[in-house]
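Protein chains: 4
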Amino acid sequence: MIIVVKNSCEQQQFNNLVEWIKELGLDVHVSRGEQSTVLGLVGDTSKVDQDLISSLDIVEQVQRVQEPYKNANRKFHPVDTVVEVGGTKIGGDNFTVIAGPCSVESESQIIEVAKAVKKAGATLLRGGAFKPRTSPYAFQGLKDTGIGLLLKAKEETGLPIVTELLSVSHLDLFKDVDIIQIGARNMQNFELLKEVGKTGKPILLKRGLANTLQELLMSAEYIMAEGDCQVILCERGIRTFETMTRNTLDLSAVPALKEKTHLPIIIDPSHSTGIAKFVEPMSLASVGAGADGLIIEVHNDPKRALCDGAQSLNPEQFSSLMGKVGAMAKLVGKKVNF
Amino acid sequence: MIIVVKNSCEQQQFNNLVEWIKELGLDVHVSRGEQSTVLGLVGDTSKVDQDLISSLDIVEQVQRVQEPYKNANRKFHPVDTVVEVGGTKIGGDNFTVIAGPCSVESESQIIEVAKAVKKAGATLLRGGAFKPRTSPYAFQGLKDTGIGLLLKAKEETGLPIVTELLSVSHLDLFKDVDIIQIGARNMQNFELLKEVGKTGKPILLKRGLANTLQELLMSAEYIMAEGDCQVILCERGIRTFETMTRNTLDLSAVPALKEKTHLPIIIDPSHSTGIAKFVEPMSLASVGAGADGLIIEVHNDPKRALCDGAQSLNPEQFSSLMGKVGAMAKLVGKKVNF
Amino acid sequence: MIIVVKNSCEQQQFNNLVEWIKELGLDVHVSRGEQSTVLGLVGDTSKVDQDLISSLDIVEQVQRVQEPYKNANRKFHPVDTVVEVGGTKIGGDNFTVIAGPCSVESESQIIEVAKAVKKAGATLLRGGAFKPRTSPYAFQGLKDTGIGLLLKAKEETGLPIVTELLSVSHLDLFKDVDIIQIGARNMQNFELLKEVGKTGKPILLKRGLANTLQELLMSAEYIMAEGDCQVILCERGIRTFETMTRNTLDLSAVPALKEKTHLPIIIDPSHSTGIAKFVEPMSLASVGAGADGLIIEVHNDPKRALCDGAQSLNPEQFSSLMGKVGAMAKLVGKKVNF
Amino acid sequence: MIIVVKNSCEQQQFNNLVEWIKELGLDVHVSRGEQSTVLGLVGDTSKVDQDLISSLDIVEQVQRVQEPYKNANRKFHPVDTVVEVGGTKIGGDNFTVIAGPCSVESESQIIEVAKAVKKAGATLLRGGAFKPRTSPYAFQGLKDTGIGLLLKAKEETGLPIVTELLSVSHLDLFKDVDIIQIGARNMQNFELLKEVGKTGKPILLKRGLANTLQELLMSAEYIMAEGDCQVILCERGIRTFETMTRNTLDLSAVPALKEKTHLPIIIDPSHSTGIAKFVEPMSLASVGAGADGLIIEVHNDPKRALCDGAQSLNPEQFSSLMGKVGAMAKLVGKKVNF
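Residue numbers (this note's numbering), protein chains in the order written: chain A, 1 to 338; chain B, 1 to 338; chain C, 1 to 338; chain D, 1 to 338.
Treat the hints loosely; a few may be bogus.
One copy or two, it doesn't matter: identical chains are merged, so the pair holds either way.
Stated by the list, open to error - Distance condition first, Cα-Cα at most 20 Å in a straight line; then the derived SDA-like pairs of lysine to any residue:
| # | residue 1 | residue 2 |
| --- | --- | --- |
| 1 | K198 | S169 |
| 2 | K260 | T157 |
| 3 | K260 | E215 |
| 4 | K334 | S320 |
| 5 | K118 | N7 |
| 6 | K47 | Y137 |
| 7 | K198 | E316 |
| 8 | K330 | S320 |
| 9 | K260 | S8 |
| 10 | K143 | E23 |
| 11 | K335 | S319 |
| 12 | K75 | K277 |
| 13 | K115 | C9 |
| 14 | K143 | V168 |
| 15 | K198 | Y137 |
| 16 | K324 | K335 |
| 17 | K324 | V336 |
| 18 | K47 | S103 |
| 19 | K131 | D57 |
| 20 | K198 | A138 |
| 21 | K334 | L151 |
| 22 | K131 | E226 |
| 23 | K6 | R64 |
| 24 | K75 | Q35 |
| 25 | K75 | Y137 |
| 26 | K277 | Q214 |
| 27 | K277 | S54 |
| 28 | K277 | R74 |
| 29 | K152 | L171 |
| 30 | K131 | E215 |
These aren't lab readings, by the way, just hints derived from the structure by calculation. Predicted model, so just to flag it, every value in this text is computed and none were measured.
Use the sequences and the hints to build the structure in full.
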């Protein structure tokens, strides 16, 4: 960490700052310039509160040189993490597709969709049982019943299941869930991150709507600090001023994260665009960007099917998409099983 | 709610959509135009999923006419809500200041600060016991000990206390806390909102970094739907591209919220700017914008005091600020007790 | 256009609004609801000031149904526009790559780079002669000399040239330039748009850093309203809170624009990310998203080459990239000549 | 400027970088750390291209210590600039209000509004003659006729006039205009900035919708580098995700700019919010934040008056606002003449 101190500051203030840093167990290298003095902090600066220091009157600027994350950092773990679950691999040179309905609605629905996505090449089943909804008056999911139906679909198809956890108090219901999803709105629900980190299960961590990639890595670090290193990162669109798509899918996140971390990165083209016909181009774009996989919404609703829309694809559209995704993934050197 | 349907859609698709809406218990008024057809939905549209409908292929646009919140809506509750706690009032024509340290650090610290802010005119004491930190390696607060010290400071000074709740599992510790704060990162932690709504206590709800004002009102609605109508809204800066301040304080939120809701609105000039010397101008600006109060960080740390900085004010700076805030609040017709 | 009027408004105010709309030559259909009244405006609403109407006290909301652009609108021109320049085609089922240095620096530099990019498959040469720089003290380009050097490189290689125009007063110097580029900072310099529209030349219009896709189309409309329909749109990253990349490349813009307009859309992966090693993944992602081409920075600077960085690729990196881009473009059904 | 270089870089690359910096006329201080090496650049770094250096592969981070602006920098010019025009002062301890219609529409309109705003205490008259409009089909202003009408209103009332310049080619028409306004969309139209800098007239420079405060100061620097130091900065709202107001007024810009520059700063509450009833609270908030003045839209349109809305105030509303603004400005120690 580098701290630039104004030369206008009093000696006493300067000494206080240096002493304070040393109390944190760090060494300080001082180099005086004409208008300012640069302090180089040597040692483990991950505990230093950058905001606090940068807000001091005598401080011109503060800059981290070392990243504040360790377990998630590629510098210390150069080899790609590969998460294995039920015979499926996520990360490394694998390309993996998770698919399923937005919400679990009934036994026939989830089993039918599960069979369809398995046939098309998906190796994990997603489905919402607990749904985070902006409005308290909106449908909040089938909850424990939904979890039960997902487990039936798993039994029927062999597909491991991914579903979202909203609260520590529901954790008991998730003991047979294969991958626990932490949604965008809970990316900085640190108490929840600590608890899922204790389960040792694979965690699918979605980027918050207004969170930087560094914050995403810090949230992964929360989980990994509890000993759970099976974290899968997911980019699902960020909030910007643009309104033609629901959110702005930040695909540059893929190469940026790949450089910083060894964790797998998958893309959610369904939620980010919010529009079914954009799912295919953005899925192919994700493959080009170097992603390790996709999580895609597939529905099976005859009424919705007639309207032919929504952010979900129907099984035929999904199957057609998988053909194109597979061909492109092979072209960029990924292993696919479809 | 208004739905604009493309005239290019097939009759069958159109009928499906209309039928679907009627199944939700709503009436539909159809008016055909040259290029598109407008459906007017009559009835309680708060349960209609706008995202789903707008993503249908045959739909051009969807627009809500009614706001999706009710309890928080000024249309149905025109009179300002005034929250009362320990003899202090927030809302209506009162101007109220909450002050205290960022974190509770020790008994002497919190009591000393409490006395200082009370003397200057603050009527509520804030202080963090559970701290949400981006890094798992950063200080996470004194936790239950911190709550205990806040209660001692309350005993000593009579000031009611405000402190942040991070998890449902800590709720037992908050039974003597006067106002429960829900932080920006948990604004859409819906399970937490439901639980605090059941306490019946006053809730200080901070706007999320990337949340719209309508989403803030929907989160208030979560609390109010549980029967707890004592919600205080707090603007604390949003995330933008600007870097000279930590966040961008959105003061237009004050008149915008005042128009939409009867709930009190206070401003946090400390966290939003992140810079002590900007706290005074932004506090005075808040008064001008019509806010009902302020929540301000005041510290009592001799070392930090020597550096004379951070986002916290020292007691002298706070006292000086209060004089100016009081004079300006009177000028705009607010009642102040300082 | 749909206007939702509050039922609380006085009859006189309502009549004034309706009369005012009729004076604009539009028909008004009125449908009264319980809490509000919906006005449907029929006719050419492109001249109606949406901002003005939505700010009226009696108006709840305003929504356009028709897009405010015509010449750029796919509804009225369903067939893809293909821009032809010097034997090269941009748009339709072609995939086209524009390449060259950020700034023209010397005759040998521009000619050497031109030869290298031509060999690798680029069919247009880019190079900055007039450079928009944030600082008045930074290098502003070789100006007219730079244009001359670009023309020499064209003579030498046969590649048509693309270069940026900053001011109407430089227009004379651009008479032999093949494609005039309007940069992001000038996307809403409407006087400049009008003037380039009068040249009849192909115009490469870059999206502004904080401009919506609809605003981009409105700026294209400015050029097309002058009779020039050869507009090429370019996504080059938008400004967000993320800092790991210089800007956030919005690739969802490709399918979103393709739906709304018949104009070709190309991507600039160099400026958007600002980092050389991200150019390849984002180029491949652009192909996947369905873009019509790329504009890529290629340099030829031995010193910079040693450092092996910057947002520019060296000729070897560019050549390697082109092989991958070509293979992927063919996979998605595009014609490539490399 | 500080450059952090990775220790993994080759000696040859490192030497190249150091040599390159020295070629720019700068001294380099090297301090080696365990994981990285810090280069301190001494000398005039305003010409160094930070983007270029930060994109080099061997570079971890780059940080400016000195601001890249000089003429606008308070460090070198600690005393507030006071712009004087026609007996009115802007800056220092003065509080000044500019008012007038959005567009000049007719002789009677502009003269009537001019008289009304003068009576209420405004000392400068604003009015648009050349209007930047998103749509080519929208009214683009009365142009030269509009300038003529503004000059008549000036003759009639003595109020100096402020109006927006869109293009260098219109500059001749502006020779009798007192203050030339550069609009938000042209904040980085650098050719236009250079030309207005040559006029020596006071320039009202509006912040771009997505421009940082540092970029605003760099654009002021463009004007000042031409010898014109009478620049007035104007905050008018930035683009964010929030939709309840047209833009997000960034009032923290006032103390942030006051610290960095000696130039006067005024606020435009009309355009930023886009809603007439928010003009009063945001005007008072601007006074609290420490602004040097306001620019407010006042109309005189009987039809619009009946609807009682739009972002413009009518003369009565403006007069009432001025009373409150004056009282508050005095309270914060500003001189007002109303």
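Check your understanding: Can you list which hints this structure breaks, lowest number first?
Key -> Going through the list in order, the structure violates hints 2, 5, 7, 10, 13, 19, 21 and respects the others.
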